[in-house]
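Novice: These are the residues of each chain, in order.
2 protein chains.
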Amino acid sequence: MKKILPRDRLSQAGPPSPVVLATCVDRDGNPNIITLGMFMNVSIDPPMVCIGVAPERYSHDLIKEQGEFAVNVPTTEIIDEMHRCGITSGRDGDKFVSTGLTPIPAQRIRSPLIKECYGHLECRVVQAHICGDHTLFVGEVVAASVDEEVLENGRLVLTKAKPVIQKNWSYHTVKLP
Amino acid sequence: MKKILPRDRLSQAGPPSPVVLATCVDRDGNPNIITLGMFMNVSIDPPMVCIGVAPERYSHDLIKEQGEFAVNVPTTEIIDEMHRCGITSGRDGDKFVSTGLTPIPAQRIRSPLIKECYGHLECRVVQAHICGDHTLFVGEVVAASVDEEVLENGRLVLTKAKPVIQKNWSYHTVKLP
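Residue numbers (our numbering), protein chains in the order written: chain A, 1 to 177; chain B, 1001 to 1177.
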């Protein structure tokens, strides 16, 4: 039976989403990490992705002002650290320090990457749109890197990578049907 | 070891995405179905979602001209039908007929919903942005419905819903870590 949902429950009819950790920097190069449930690819050539960030989040103005961010893809092995990045603010301190996650240099942007994540998309902001209570940042992917161990014939194997999928911030991973 | 990816392989460093079936109609109410790997939530209040559709797809102009679409969330039980909707064009015939999927009326829009999907988001287009080789349609969710069987205490339970997650169009579903 189909059940009609009230306005505050509409999202229960939608699909789950991947969880990503976006990294960014302030003017002085101090890094931050933000846990995001809003990510999608939007263009293949040129490669472009979208993320949704609420204006009140500390990372919002960093991304807007510095015009760049990296998308780091966590695995189930760092669910605790990933979760902590989502419930604390970069205003209160360096999340690399508080979580123990390891910053490594990116190829083409100033924002550091998170070593413990399996994949990294380095992005320059090319569009920003206000969509309701979030800002939609569109980034062109200017470089990318990935853990060799999760590739087979140059293609990502999800069951090796163990990405995190969420709905209502209940964390899952993937399996073959 | 981190491996630097060439430009045509950048997406292998990214997360997987949910697969959704968007439905839309032409001026006369004839329906179409398009399989999409580009979907995300972008606003909680008002509820808004994004989809990415390539301009050459038959559904692109239908969504643009009629200003509406529905997002239907398939389960692993209809992977074959879902896949077929992605490799055929609505220009060549009615995909509800060719796949056997069942159209049911929406509450607030003209586009039909797909009965075999577990969830349905009825959307009115509020923004459209050209992002590289796709158009990003932003839709306000004006109504939603879901199969009662996949809810527990009003919340979606992913392991009951069995949504489809893909990378390189290899289909997976979810499990607890």
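In short, the hints are calculated from the structure, not lab data. We put the CB at the ideal spot given by N, CA and C, even for glycine. Treat the hints with care, as some may be off.
Pairwise CB distance ranges, derived in the manner of DEER restraints [what the hints assert, rightly or not]:
no.	chain 1	residue 1	chain 2	residue 2	range
1	B	Thr1088	A	Lys175	44 to 50 Å
2	B	Lys1160	A	Ile104	45 to 51 Å
3	A	Asp28	B	Ile1004	23 to 29 Å
4	A	Asp92	B	Asp1028	54 to 60 Å
5	B	Ile1104	A	Gly86	22 to 28 Å
6	A	Ser170	B	Arg1007	19 to 25 Å
7	B	Glu1065	A	Thr102	47 to 53 Å
8	B	Lys1175	A	Ile104	41 to 47 Å
9	A	Arg7	B	Ile1087	45 to 51 Å
10	B	Arg1108	A	Leu176	44 to 50 Å
11	A	Asp8	B	Ile1004	27 to 33 Å
12	B	Ala1128	A	Arg7	32 to 38 Å
13	B	Ile1130	A	Trp169	30 to 36 Å
Novice: A separate judgement is required for each hint: does it hold in the structure or not?
Specialist: Outcome of the hint check:
no.: 1; hint: B:Thr1088 / A:Lys175: 44 to 50 Å; result: violated, 28 Å
no.: 2; hint: B:Lys1160 / A:Ile104: 45 to 51 Å; result: violated, 39 Å
no.: 3; hint: A:Asp28 / B:Ile1004: 23 to 29 Å; result: holds, 27 Å
no.: 4; hint: A:Asp92 / B:Asp1028: 54 to 60 Å; result: holds, 57 Å
no.: 5; hint: B:Ile1104 / A:Gly86: 22 to 28 Å; result: violated, 37 Å
no.: 6; hint: A:Ser170 / B:Arg1007: 19 to 25 Å; result: violated, 36 Å
no.: 7; hint: B:Glu1065 / A:Thr102: 47 to 53 Å; result: holds, 50 Å
no.: 8; hint: B:Lys1175 / A:Ile104: 41 to 47 Å; result: violated, 30 Å
no.: 9; hint: A:Arg7 / B:Ile1087: 45 to 51 Å; result: violated, 36 Å
no.: 10; hint: B:Arg1108 / A:Leu176: 44 to 50 Å; result: violated, 37 Å
no.: 11; hint: A:Asp8 / B:Ile1004: 27 to 33 Å; result: violated, 45 Å
no.: 12; hint: B:Ala1128 / A:Arg7: 32 to 38 Å; result: violated, 24 Å
no.: 13; hint: B:Ile1130 / A:Trp169: 30 to 36 Å; result: holds, 33 Å
Checked against the numbered hints given earlier, this structure breaks hints 1, 2, 5, 6, 8, 9, 10, 11 and 12; the rest are met.
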